[in-house]
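Chemist: Work out the full structure, taking the sequences as your base and the hints as a guide.
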Amino acid sequence: MWFLCVFYHRLLDFRKPEVEALAELFGEDESLQWRLPEHHHNDTPFHFVQLSSEEIAQNIAKRSILVKGMYELWGEGTCYEELKESIQSFPDSRKLPFLTSDSTFRISVETFGKALTFDEQKERIHSLTYIPFEGKVNLKNPDHNFFLMEMDESEESNGLPPIVQRRIFFGREVGFADRKLLPTFQLKSRTYLGPTAMDAEMAFLMANQANAASGKLVYDPFVGTGSILVSAARFGAMTMGADIDIRVVRDGRGPDCNVWSNFKQYGLPAPVALLRMDNNVPPWRSGLKEIFDAIICDPPYGVRAGGRKSGGRKILRGTVDPYTVPEDKRTGHIPSTGAYSLVECVHDLLHLAARMLVMKGRLVFFFPVLRDECGSEVKFPEHPCFKLVAVSEQILSSRYSRVLLTMVKVEPYSDEVEEAARLMHLEFRENHLKWLEEGNIHSSVFKPSTDSSQIQTESKTFKDPKPKYRGKYV
Amino acid sequence: MRLITHNMLSCNIKGVTNGFPLKVEAEKVIEKEIDFNPDFLRHMFAKIEWKALVEAACSLGYAELPEDSPDATVIESAADESLLKKLHHALLELHLEEGALVCPETGRKFPVNKGIPNMLLHEDEV
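Chains as they are written, first to last, in UniProt numbering: chain A, 1 to 474; chain B, 1 to 126.
Possibly wrong hints are sitting among the right ones.
Stated by the list, open to error - Among chain B residues calculated to face chain A with C-beta under 7 Å, some are:
1. F20
2. H122
3. V126
If you are wondering where the hints come from, they were derived from the structure by calculation, not from laboratory data.
Every value quoted in this text rests on a predicted model; they were computed, and no experiment measured them.
Cβ atoms here follow ideal geometry from the backbone N, Cα and C, with glycine treated the same way.
Modeler: Written out as structure tokens, the structure reads:
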């Protein structure tokens with residue numbers, strides 16, 4: 001069954017992967033078929049998607065963040081005459097059950113990239129009299145919602161996706177996203193925040209990519225203030241988090257301002273566990289494996305926050321050997337930490353996920369990309385246990401963006417796999433040598449432009465490979 | 001800290017081979033009721049080290065669990081919920097709020113404060 005899937009015009013790279021992830025969660029076994037309306041650019045809000053039932057379409061839409069609506073398409077065209085023909089040729093058997101006299105309905109007019117006055121909208125609705133509506137109009141709580149959607153062709157300069165021909169759609173709404181979640185969970189009303197707390201919309205998208213759901217256990221090894229786990233818990237998952245910084249994870253900013261209180265604030269069940277530990281030397285017992293259904297995280301990649309690991313070499317006052325903590329100072333000793341490069345961090349994350357995720361479990365994490373490298377193909381971390389299923393870019397500045405990677409565990413973890421993983425990691429390390437040193441990513445992102453004359457020539461010749469309406473420009 | 005967490009952790013000091021199970025030193029134990037989720041428990045049962053759970057539950061003052069690991073079929077069948085309920089209580093409702101986890105091999109104490117175990121190693125233990 002084909003459905004018209006209309007998206008919000010934001011986070012363009014995240015939209016289809018979200019629907020695909022949710023389709024799997026709601027029982028679609030095969031990968032989805034997509035189709036674009038005629039002459040539409042890939043970034044248009046209008047897409048057609050094939051799903052096996054209306055129920056699945058409804059479930060996906062309800063749970064999603066970026067789907068404005070899923071519709072059963074009754075007709076489309078480049079003008080109202082074409083639309084009429086198209087609606088009239090749509091089989092009566094599909095239309096009449098929704099037009100009965102004992103039902104109520106509403107018709108809404110939606111536009112993309114233009115605005116219509118109230119009178120223009122009324123005129124368009126009245127032009128639909130050729131559809132035999134028998135029921136009563138109910139604007140507040142109708143049984144059936146119909147949408148008339150219109151978009152004009154657009155010039156490249158107006159900030160909309162280019163090469164679009166005027167298109168009008170008419171369809172019956174099957175489901176829509178519950179964006180009310182976002183104001184409820186927005187960060188500005190959250191009690192406990194850190195400098196890198198994940199924005200609520202993105203956190204929900206990550207939880208959707210991870211198929212978070214009731215009965216599942218979701219782990220975040222860089223839990224911080226718990227902003228990602230809050231979204232997973234909202235979708236019913238059990239959560240577990242770890243962090244190397246005891247101040248963040250245990251103390252917070254007071255008795256009612258810590259990770260636990262962030263869950264309490266929304267009436268969500270508290271995490272199953274919070275731990276202070278180091279991902280570089282994790283304390284999992286040997287033999288423990290395949291326990292998490294998903295791992296979701298935003299690793300510290302050294303732009304806004306740098307990673308730390310055990311094994312700092314701070315010399316203790318009065319001790320000769322810097323590597324030994326004296327007996328009398330062991331209780332309450334605060335171990336120093338050393339820098340933890342992104343390459344190492346990602347290696348440990350993949351290793352953890354390979355061992356601790358159940359089969360078909362999902363690893364969802366952000367990975368930074370320097371945008372001047374976009375010309376050459378970006379190499380993402382790989383692991384023989386995982387298949388990369390989604391890559392979604394969010395542009396953060398003209399220098400760098402972050403990419404949300406979604407990986408699914410397709411091979412069980414074993415010693416042989418571990419060896420293959422080690423070789424893959426060496427290759428990845430080779431490709432990211434400059435990221436091994438602390439501060440390198442940070443300086444590439446924040447370094448001042450060198451020379452003003454260069455900027456001028458750059459601005460003339462520099463053509464942004466990514467169109468302006470992407471990412472945060474929306 | 002719930003016992004499900006205890007069941008997953010070991011002492012990972014360099015050179016330690018028998019860091020599991022960690023002994024529990026309880027100073028403050030609390031109980032918090034949470035929703036009973038049989039599916040989650042069945043999924044977890046397969047991953048649990050039973051003996052370690054029984055011992056840890058005893059050190060928190062809960063001795064209702066059978067000494068020997070029940071058969072997986074008993075857990076799978078919906079017939080006997082009383083055992084699942086006990087497992088639920090031991091795994092998820094008992095909390096070690098203050099205390100320590102002690103390595104069985106070296107005696108190193110990992111403190112548990114405000115319900116959060118501190119598993120971070122000192123400089124000379126990595």
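Chemist: If you test the structure against every hint from before, which numbers come out violated?
Modeler: none
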